[in-house]
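Residue numbers are given in our numbering: position 56 of the sequence shown equals residue 926, and the series is strictly consecutive.
Keep in mind the hints are simulated off the structure, nothing from the lab. Predicted, not measured: the structure shown is a model, and the values here were computed from it. Accuracy of the hints is not assured; some may be wrong.
Claimed, not checked - Calculated pairs, DMTMM-like style, for lysine to aspartate or glutamate (alpha carbon to alpha carbon, straight line, at most 20 angstroms):
| id | residue 1 | residue 2 |
| --- | --- | --- |
| 1 | K939 | E907 |
| 2 | K965 | D1007 |
| 3 | K939 | D1163 |
| 4 | K1106 | E1073 |
| 5 | K1017 | E961 |
| 6 | K1053 | E961 |
| 7 | K1049 | D1021 |
| 8 | K1053 | E1164 |
| 9 | K1053 | D1163 |
| 10 | K939 | D1145 |
To be verified - What follows is a set of in silico ranges between Cβ atoms, one per label pair, in the way DEER data are often shown:
| id | residue 1 | residue 2 | range |
| --- | --- | --- | --- |
| 11 | R875 | M997 | 21 to 29 angstroms |
| 12 | T872 | S1100 | 14 to 22 angstroms |
| 13 | T935 | L1141 | 22 to 30 angstroms |
| 14 | L1013 | E930 | 40 to 48 angstroms |
| 15 | Q903 | K965 | 23 to 31 angstroms |
| 16 | P999 | I881 | 39 to 47 angstroms |
| 17 | D1007 | E1129 | 18 to 26 angstroms |
| 18 | M936 | K1049 | 16 to 24 angstroms |
| 19 | T872 | V1110 | 18 to 26 angstroms |
| 20 | P1165 | L998 | 22 to 30 angstroms |
| 21 | T935 | P1165 | 21 to 29 angstroms |
| 22 | K1009 | L931 | 42 to 50 angstroms |
Heads up, the beta-carbon is just placed ideally off N, CA and C, and yes, glycines get one too.
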Amino acid sequence: MTDRRIDDLLIGAIDLHCHSGPSVMPRSLNHVQAIHEAEAAGLRAILFKDHYYSVTPVAELLKETMKPKIELLTGVPLNNTSGGLNPYAVEHGFKLGARLVWMPTFSAANHIRHSHRRQFLPTKEKMLPPTALSVVDAKGALLDEVKVILDQIADYDAILSAGHLHISEIWPLFAEAKKRGVKRLMVNHPTFLIDCNAADMKELAAMGAYLEHSCCMWAGVQGKHYTLESLDVVIKAGGVDSTIIGSDLGQVGNPSPVEGFRHVIGMCIELGYSDDDIRKMISTNAARLVGLDEPRQARSAAAE
């Protein structure tokens, strides 16, 4: 019965954190395979995320050639390989249809500090060491180039993801973003690398941000470190209405994105969450964040 319930819940799900390839990082499936897997499970949409490049042009090609049954979404990662805090990369991504901008991830100073003992996000071959990026200066003031990017995000009514910034950097970033008209805010895996506590997550949700928790933390190779109770804690910290579950999967050695979703949905069932609550966390909250149910021309009109 539980398996059938999970099957039914997966229909219409949205994965805003799909790590398929090609990538310089080891991946277990490519973008085409990820699409086929998502279609077979009845997902509504997937968002391709690569830390080293924007998948947007690839996704546009796949839309033209594959005619997929699901929506393909993408974003622009502001790491060293895209020029860092680069408004030109943001503009290019938006012109091709990107819906999201990630602040620095593997290039974030916060990420690099956390990697001093072991490398997070290892690549298949050795690459140039990243140059540390922050959105604030030495006095904690937001950089001017970040403000330009925030204006771009507001103009396109796109999503601002905090990337792998530290929570201390996210507060001034999100405050300025709201001041400049950014309406769609997201924090990826707030308790991993970001260093959010329960009070932080509650405050972020209160300011309108969505908190995306990664299936890979509970379903992947790190799963032994993350308990059923810890999943319940993070959901309750921000509340069901502000929680999004994304796979954050596609890495070699981990379950596939859909397998990860199945695992965490099963955990939510075991915790006693209702079907309505689970659908909010795996589908409707993400649809609202991305604006999937809004006319596309209305979302981008201000930017044309």
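Here's how the hints hold up against the structure:
{"no.": "1", "hint": "K939 <-> E907", "verdict": "holds (11 angstroms)"}
{"no.": "2", "hint": "K965 <-> D1007", "verdict": "violated (29 angstroms)"}
{"no.": "3", "hint": "K939 <-> D1163", "verdict": "holds (16 angstroms)"}
{"no.": "4", "hint": "K1106 <-> E1073", "verdict": "holds (13 angstroms)"}
{"no.": "5", "hint": "K1017 <-> E961", "verdict": "holds (14 angstroms)"}
{"no.": "6", "hint": "K1053 <-> E961", "verdict": "holds (18 angstroms)"}
{"no.": "7", "hint": "K1049 <-> D1021", "verdict": "holds (10 angstroms)"}
{"no.": "8", "hint": "K1053 <-> E1164", "verdict": "holds (14 angstroms)"}
{"no.": "9", "hint": "K1053 <-> D1163", "verdict": "holds (16 angstroms)"}
{"no.": "10", "hint": "K939 <-> D1145", "verdict": "violated (24 angstroms)"}
{"no.": "11", "hint": "R875 <-> M997: 21 to 29 angstroms", "verdict": "violated (43 angstroms)"}
{"no.": "12", "hint": "T872 <-> S1100: 14 to 22 angstroms", "verdict": "holds (21 angstroms)"}
{"no.": "13", "hint": "T935 <-> L1141: 22 to 30 angstroms", "verdict": "violated (41 angstroms)"}
{"no.": "14", "hint": "L1013 <-> E930: 40 to 48 angstroms", "verdict": "violated (30 angstroms)"}
{"no.": "15", "hint": "Q903 <-> K965: 23 to 31 angstroms", "verdict": "holds (28 angstroms)"}
{"no.": "16", "hint": "P999 <-> I881: 39 to 47 angstroms", "verdict": "holds (44 angstroms)"}
{"no.": "17", "hint": "D1007 <-> E1129: 18 to 26 angstroms", "verdict": "violated (43 angstroms)"}
{"no.": "18", "hint": "M936 <-> K1049: 16 to 24 angstroms", "verdict": "violated (41 angstroms)"}
{"no.": "19", "hint": "T872 <-> V1110: 18 to 26 angstroms", "verdict": "holds (20 angstroms)"}
{"no.": "20", "hint": "P1165 <-> L998: 22 to 30 angstroms", "verdict": "violated (43 angstroms)"}
{"no.": "21", "hint": "T935 <-> P1165: 21 to 29 angstroms", "verdict": "holds (25 angstroms)"}
{"no.": "22", "hint": "K1009 <-> L931: 42 to 50 angstroms", "verdict": "holds (44 angstroms)"}
Hints 2, 10, 11, 13, 14, 17, 18, 20, counting from the list given before, are not met by this structure.
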